[in-house]
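J.: Take a look at the letters that make up each chain.
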Amino acid sequence: MIKLHHVKKTLDDFSVNYDMHIQTGYITGIVGANGAGKTTLMKLIMNFIYPDEGSVSVFGHQPLQTADKANIGCVFQNSFYDLSMSIKHIIEIHKAMYTNFDEAQFHAYCTAHDVNIESGLSLLSNGALAKLKIFLALSHHAKLLILDEPTLGLDVVSRNEILDILRNYMDDTRTIIISSHIASDLENLCDDLYFINQGTIRMHETMDTIQNQYALIKVSDVAYKRMDTSCIQSIKKESYGYSCLTNQKPFYLENYKDVIIENASIDDLLEFIIKGEPL
Amino acid sequence: MNIIINNKSMQPIYEQIVESIKSMILNKQLPEGSFLPSVRGLAKDLKISALTVKKAYDFLEEEGYIATIHGKGSYVLTINRNLAYEEVKKEVEILMEQALTKARVNQLSKEDVAMLFQLVMEDTYD
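Sequence order for the protein chains is A and B. Residues in the first sequence are numbered consecutively from 4, following the numbering used here. Residues in the second sequence are numbered consecutively from 9, following the numbering used here.
Among these hints, one or two may not hold up.
What the hints assert, rightly or not - Listed next, the in silico DSSO-like pairs over lysine-lysine satisfying Cα-Cα at most 30 Å (straight line):
1) A:K260 x B:K52
2) A:K239 x A:K228
3) A:K240 x A:K228
4) B:K52 x A:K6
5) A:K146 x B:K52
6) B:K52 x A:K46
7) A:K91 x A:K146
8) A:K228 x B:K30
9) B:K80 x A:K146
10) B:K16 x A:K239
11) B:K97 x A:K260
12) A:K46 x A:K98
13) B:K110 x B:K98
14) A:K260 x B:K30
15) B:K97 x B:K110
16) B:K16 x B:K62
17) B:K80 x B:K52
18) A:K228 x B:K16
19) B:K98 x A:K260
20) A:K72 x A:K146
21) B:K30 x B:K110
22) B:K36 x B:K52
23) A:K6 x B:K55
24) A:K221 x B:K97
25) A:K146 x A:K98
What the hints assert, rightly or not - Derived, one-sided and incomplete: chain A residues facing chain B with beta-carbon distance under 7 Å:
26) R170
27) D174
28) N191
29) D194
30) T209
31) M210
32) D211
33) Q214
34) N215
35) L256
To be verified - Okay, the calculated beta carbon distance ranges per label pair:
36) A:S128 x B:N88: 57 to 63 Å
37) A:D167 x B:M129: 39 to 45 Å
38) A:S128 x B:N114: 58 to 64 Å
39) B:R89 x A:N171: 35 to 41 Å
40) B:K80 x A:A70: 31 to 37 Å
Quick caveat, the hints were computed from the structure, so don't treat them as lab data. Glycine included, every Cβ here is placed at the ideal spot set by N, Cα and C.
Only chain B is shown next, with the shape it has when bound in the complex (with noise of 0.2 Å):
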């Protein structure tokens, strides 16, 4: 499984794991069916504490993208894909919102905040 984990970001790294398996699931890098790697073959790859993918996967479970038999790991349940769209979404909007706090605090004005947004628009949706 391809993850890679920032050990220096102030991201928690079980919230690095959730993320990049969450959106393995979204983007079908992981069907619906398969197995996730067992809790201590991750953390042996990532060279992290089993515990903290331990952590990840419960969290994951919780929120309805994977199930765990026990004795035979944790596989990838059928998600509905609409709802994970829309909570994306809404991820999306609270980081806007964010910056955009940022922008007004700093009074920036509604034009460049606007120019900024096509601007990085264009760079990242290419």
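Pulled out of the complex, with its shape left as it was, chain A reads as follows (with noise of 0.2 Å):
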């Protein structure tokens, strides 16, 4: 579905470095700290930057189609319609931009989820708005929805509505990028994450392998020093001695009966990555 090839972008102080391939059916989740460049990602797969070196390709064309656009669906943070429109006219907009645009289906998605449709945009909580873009992005059949920190700033609940709204969305035909910089929410929702911190990929893992393969282990200074540390990737040193992360959880739950041993969260991976001594 999306492959970037080296690619390489400098702006003003930072740079990027990406080499990735997203698959079609695969919901895959970009996790990093603000400013890891998650968004810049978004932004050369949209095509709204070009690479320095390298190749970034979409639906197979290199670079993105304006005709490929009619089929993405993308929300992107701080952009939207000036406040002062109301849904109605965004609606028009909608329907001239996107010839396949089901106002149907946008109703329909209003209305089960409490957004007034007579509503002017200056009226709508947080919630509302950030579940009114998403359903814009929703309706018009998208093949690809490209989602940069949608559930930013929500409440716990509104958040899983929205995630839950993605869920129904998808099939495998469909693939949707989604970053988030509160990991726990791609933890229930992505098949395959891309950590990258500092504008390159520091992890690349299926969700399958993160649950079924990673692990925490807390142990003393003294059980420290005992333990085989060649499948342990990265530590970090705490008041009780180390947390140290692995990726080889099977031989360490077998080995190490009577160590703490944790399953690892995608914000704990995340901190690792970005903290951890490596090892």
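From these two lone chains plus the hints, build me the complex, please.
T.: Put into structure tokens, the structure is as follows:
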């Protein structure tokens, strides 16, 4: 679906370096701290900015063709319509922009999730605005959704509502790319995950592998010295000793029955990527 | 389909799914010939990755519990109940061995172990 081949891009004092392959039928999550380069990645895919080196291909075209944009639904953080507009205005704009805009579907989303279609944008809550952005992106049957922090600033109930909408939208012919710095949002949604930091991909794993293979091991200094660390990827010093990240959970579960081993969350992984000492 | 996943458990999620579906097949909650939910559909319900569900279905297929028709989905095969029963018996034997090894290593007396067995037996089989 999307290939970034040795893409390099320098923006003032920030540069990114991406090589990735996003597959059809997958929900791919982009995880990173603020300023890691998530939005830059989305912009490169959308051809809003152009790579200095390498290539980006979307739907097999390189770069993304204007005609293909009809098959994309996107949500970007700080870009939306002027707040003086009403939802009805926006419907007219989308009908003009997308030949396959499905007004009935859009109404159905709004009704099901309590967004008043008669309302002006300025009267909507943050949660309703975020939902509106998503409904607009979903209402022309796009094959590809590009969602940059669609849950930013929302409470847990609204976030989960949005994630459920996305799960329902997904099928084997569709593709979703979603970024979030709230990693737990992605944990129960994504099939594939890219962790990025300072403009580079630091880890790429399927959610299945993360759940089955990665673990957090908490040990005292003494126990740490006795432990086989050949399958430990990175460690962090803690008051009690060390916390260690492994991608060989079964090995440690089998051989170290007396140490504390926990499933590693995406937040744990991100923290180890940013703060851990690689072994 | 009523599967409950424990996200905190050390048992891999695909194994939890395999076990749930197997037991539903064995107790005929999922009768022969019935279709399982689609991979994406079950992933959505359980709020887990579709790849994990796919892995569970592949595993069940390998073990001969289900078959998949491309484009139509996976359905429950006619299983040899005796064989399935023997398989479960084997699994239980292994679990018992583990428990008994722990008892022996910690020098529990045979009498205490037998008593514990009776207690647990009465608790679970009522």
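J.: Provide an ascending list of the numbers of those earlier hints which the structure does not satisfy.
T.: 1, 8 and 24
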